[in-house]
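K.L.:
Could you build all of it, start to finish, from the sequences and the hints given here?
Protein chains in written order, with the numbering used here: chain H, 6 to 208; chain U, 6 to 208; chain V, 6 to 208; chain Z, 6 to 208.
Simulated from the structure, these hints should not be mistaken for laboratory data.
It is possible that part of the hints are untrue.
Unchecked claim - Below 20 Å or equal to it, Euclidean Cα-Cα: the simulated EDC-like pairs (lysine to aspartate or glutamate) are:
1. H:LYS30 to U:ASP57
2. Z:LYS186 to V:ASP139
3. H:LYS30 to U:ASP33
4. U:LYS30 to H:GLU129
5. U:LYS186 to H:GLU160
6. V:LYS58 to Z:ASP33
7. H:LYS186 to U:GLU131
8. U:LYS58 to H:GLU60
9. U:LYS30 to H:ASP33
10. Z:LYS30 to V:ASP128
11. V:LYS186 to Z:GLU131
12. U:LYS30 to H:GLU160
13. U:LYS30 to H:GLU60
14. V:LYS30 to Z:GLU129
15. Z:LYS30 to V:ASP33
16. V:LYS186 to Z:GLU160
17. V:LYS30 to Z:ASP128
18. Z:LYS58 to V:ASP33
19. Z:LYS30 to V:ASP57
Claimed, not checked - Listing some non-contacts, in silico: residues in chain Z with all C-beta distances to chain V over 10 Å:
20. ARG12
21. ALA13
22. GLU43
23. GLY45
24. LEU46
25. GLN48
26. HIS52
27. GLU71
28. ARG72
29. MET74
30. ALA80
31. PRO185
Claimed, not checked - Label pairs and their calculated CB-CB ranges:
32. H:LYS30 to U:LYS204: 48 to 54 Å
33. U:ARG56 to V:GLN59: 49 to 55 Å
34. H:GLU71 to Z:ALA42: 48 to 54 Å
35. H:ARG56 to Z:TYR53: 28 to 34 Å
36. H:GLU71 to U:SER21: 38 to 44 Å
37. U:ALA36 to V:GLY49: 40 to 46 Å
38. U:LYS186 to H:LYS146: 18 to 24 Å
39. Z:ALA109 to H:ARG12: 48 to 54 Å
40. U:THR29 to H:ARG56: 19 to 25 Å
Owing to the predicted nature of the structure, the values given are computational and were not obtained by experimental measurement.
Glycine residues also receive a C-beta, built at the ideal position from the N, C-alpha and C atoms.
Listed below, chain by chain, are the residues.
Number of protein chains: 4
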Amino acid sequence: MPRPSNRAQRREEIASALMKLMATKGYDGAALSDVAAEAGLTQGLIHYHFRDKQEILLEVLRLLLERHMAALEAAVQSAASPARQVAAFIDFHLGLSATKNPEALACWISLIGEAIRQPAVRDEFEKALTSIMDLLAAILKRGISARVFRCTSPESATTALVATIQGYFVLAATARNVIPKRSAAASTKAMANGLLKPKTSIR
Amino acid sequence: MPRPSNRAQRREEIASALMKLMATKGYDGAALSDVAAEAGLTQGLIHYHFRDKQEILLEVLRLLLERHMAALEAAVQSAASPARQVAAFIDFHLGLSATKNPEALACWISLIGEAIRQPAVRDEFEKALTSIMDLLAAILKRGISARVFRCTSPESATTALVATIQGYFVLAATARNVIPKRSAAASTKAMANGLLKPKTSIR
Amino acid sequence: MPRPSNRAQRREEIASALMKLMATKGYDGAALSDVAAEAGLTQGLIHYHFRDKQEILLEVLRLLLERHMAALEAAVQSAASPARQVAAFIDFHLGLSATKNPEALACWISLIGEAIRQPAVRDEFEKALTSIMDLLAAILKRGISARVFRCTSPESATTALVATIQGYFVLAATARNVIPKRSAAASTKAMANGLLKPKTSIR
Amino acid sequence: MPRPSNRAQRREEIASALMKLMATKGYDGAALSDVAAEAGLTQGLIHYHFRDKQEILLEVLRLLLERHMAALEAAVQSAASPARQVAAFIDFHLGLSATKNPEALACWISLIGEAIRQPAVRDEFEKALTSIMDLLAAILKRGISARVFRCTSPESATTALVATIQGYFVLAATARNVIPKRSAAASTKAMANGLLKPKTSIR
DNA sequence: GATGAATGAGTATTCATTCAT
DNA sequence: CATGAATGAATACTCATTCAT
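P.N.:
Structure follows, in structure tokens:
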């Protein structure tokens, strides 16, 4: 009578606990003993479910991406035209409701820091970024095919817009005061217009 | 006759050593014993020149900014018109020679991570960003006064362009492969055109 | 109809797994989780078959001795005279084929280390040594009765020869290079001649 | 004004503490926290003077060998002829006073166990054995040159005698009861006679 | 018999910081 | 100024053992 496995659930509990702690203390600052306490588990159990701390970090990244992509796809699919989808993509990341989850944001910035150093994290982080960029690139390509965007390189444009979004994330996490209220999405759309030269302005 | 103080020099040596180590190992990963070894002096001496590790980090930030601003001002001042100065500003950060110093880039990303957590670092980081943004804002304001830029909020535009640059830094540090070759500066200029609607295109 | 008990078989599987791991990692270095993996079963099951880790070690010793004694008795019994039996005893331990099983050798050395510390292991180890020595002592006593050996204390002679063999084991396990090729059995026989002063030389 | 170094002294204190604990608890069983307590130092200081635990073990080996060789050379040099020097060599290791230091003996046996696994320990252990064997080999060679020993291979004879001594160490450490009182040195001399066929018996 | 989850004490090692000299 | 020793708390990770199913 094999016992039913609760691995997936426990792994998520542990990763969520790390996510929460990382937001305020960073990856290095989040001790596994704190993670265990936060998750209401013993420290030994953490290493029963994860080989090492890095593996938990990768699970955090996986969770963040999973949740992000699901919501992002929903937001984008509800928009009709490519131009509106680009606007939806920007609003999703930089609109009013985007700042609702500062925990995820701080966690994401911490992930950037670890991605520089830990090759395994870098690989997964790059894949995560690629997932997000692929979604935007597909929109741009549809807009180009439909001749509503006049843009030579959808790859470059995708990168530029994602860079802007990531940059706003950095500013929001480190120097919130330097961002004029509600300017992020609007400015980014203005920039998208310069980049994509759409027949109808993105707004 | 007291021997001449070498405080300033020693402080810079120590900060430079931390900068070098942070680039590859991050702030937490750079042990002060390693810093001492890298700087060619003893661990005890570090605490003679700095109260604690954070103070060295702040010195690193100061050094980075000092060097950055000096070179940036030189690059911008050599440009004639506001439009050309914006281009110079972008090229300085994202042009071909910008990637020449990966150490400073990785160090900067690490600083972002610490700025989230250590309030003292956050304050200085915000000031550093403000210095950079002030320089760009001044250019934009001149352009607006001279009616070569049609842009309602120079503050928002400044923020947007700096965000884009910071975002490219993040991508360059974590997922170099996702940036099409030489696209960063060009795309950013295209975006600047959308943002500033200049009489003559920025390029 | 209850399924047939596989206790004995499982115990041997587990002990064999520990034996294999001990050879390369030592007793302390062989984690029970590794033992379970090596034996192809789960960690929990190990403690169903053994009270604790030490009990597995004792089983390892029992297995090693059982196999050793069976082969040793066969080797000795095929020799005709006491002198030839002594030679067979030496050859069995130090001859060319003796080094064929480095796993058992390394395991034996590890057992020595544990015998120093764990009293239960020491007791069993002493019994094992006694079994081996009893076999040699019987040969020597027969030789003395038959007046082919001139030796006052068969106990001392037995101990001396077994000590030499154990010593060669130590050298073989730790410093293989210091033993001149094929010298072990020959030298030991020369020493046995000094010890037993046989009418016909042992060789 | 450089502070005078006490490294050598501290290293010896720490190694001595490990030696003492290893004798009863083995290498793995001797926790560095216990070593620190035994030496009356803090745990951190141990790692200031030694990179890791293995390095302490190597220092233990070095200390053991240093002390052993000094006393052994003194014992051997006080003997006049090669035959008497061989006797002195044997007595030094197996005579009545040899068992006076059970701590060093148990420690030596533990070292054997570690030499099997840790290559760095094996190398040093082999060198230590070689030092001891070189001393005996030199005696044998002098005896052969002087035609008082009739022995074809001094290397094999050296190995055989050292093996016997090591074997007695093993028996003494694990199964003291199996060694007839005072038989070790006498039996080994009898064996040496078989091996070296000296003109005058070794005794 | 067998599984897999859970425990909790233990371990080597790291490191910022202090301080006597 | 400078050294090197010393501290002590913290940290990730290991592992024999227990237990509910």
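K.L.:
Run every hint past the structure and note whether it holds.
P.N.:
A quick look at each hint next to the structure:
no.: 1; hint: H:LYS30 to U:ASP57; result: holds, 18 Å
no.: 2; hint: Z:LYS186 to V:ASP139; result: holds, 18 Å
no.: 3; hint: H:LYS30 to U:ASP33; result: holds, 12 Å
no.: 4; hint: U:LYS30 to H:GLU129; result: holds, 19 Å
no.: 5; hint: U:LYS186 to H:GLU160; result: holds, 11 Å
no.: 6; hint: V:LYS58 to Z:ASP33; result: holds, 15 Å
no.: 7; hint: H:LYS186 to U:GLU131; result: holds, 17 Å
no.: 8; hint: U:LYS58 to H:GLU60; result: violated, 29 Å
no.: 9; hint: U:LYS30 to H:ASP33; result: holds, 12 Å
no.: 10; hint: Z:LYS30 to V:ASP128; result: holds, 17 Å
no.: 11; hint: V:LYS186 to Z:GLU131; result: holds, 17 Å
no.: 12; hint: U:LYS30 to H:GLU160; result: violated, 31 Å
no.: 13; hint: U:LYS30 to H:GLU60; result: holds, 18 Å
no.: 14; hint: V:LYS30 to Z:GLU129; result: holds, 19 Å
no.: 15; hint: Z:LYS30 to V:ASP33; result: holds, 12 Å
no.: 16; hint: V:LYS186 to Z:GLU160; result: holds, 11 Å
no.: 17; hint: V:LYS30 to Z:ASP128; result: holds, 17 Å
no.: 18; hint: Z:LYS58 to V:ASP33; result: holds, 15 Å
no.: 19; hint: Z:LYS30 to V:ASP57; result: holds, 18 Å
no.: 20; hint: ARG12; result: holds, 29 Å
no.: 21; hint: ALA13; result: holds, 28 Å
no.: 22; hint: GLU43; result: holds, 17 Å
no.: 23; hint: GLY45; result: holds, 25 Å
no.: 24; hint: LEU46; result: holds, 24 Å
no.: 25; hint: GLN48; result: holds, 20 Å
no.: 26; hint: HIS52; result: holds, 21 Å
no.: 27; hint: GLU71; result: holds, 19 Å
no.: 28; hint: ARG72; result: holds, 20 Å
no.: 29; hint: MET74; result: holds, 16 Å
no.: 30; hint: ALA80; result: holds, 20 Å
no.: 31; hint: PRO185; result: violated, 5 Å
no.: 32; hint: H:LYS30 to U:LYS204: 48 to 54 Å; result: holds, 50 Å
no.: 33; hint: U:ARG56 to V:GLN59: 49 to 55 Å; result: holds, 53 Å
no.: 34; hint: H:GLU71 to Z:ALA42: 48 to 54 Å; result: holds, 49 Å
no.: 35; hint: H:ARG56 to Z:TYR53: 28 to 34 Å; result: holds, 31 Å
no.: 36; hint: H:GLU71 to U:SER21: 38 to 44 Å; result: holds, 42 Å
no.: 37; hint: U:ALA36 to V:GLY49: 40 to 46 Å; result: holds, 41 Å
no.: 38; hint: U:LYS186 to H:LYS146: 18 to 24 Å; result: holds, 20 Å
no.: 39; hint: Z:ALA109 to H:ARG12: 48 to 54 Å; result: holds, 50 Å
no.: 40; hint: U:THR29 to H:ARG56: 19 to 25 Å; result: holds, 24 Å
Hint check: violations occur at hints 8, 12 and 31; the rest are consistent with the structure.
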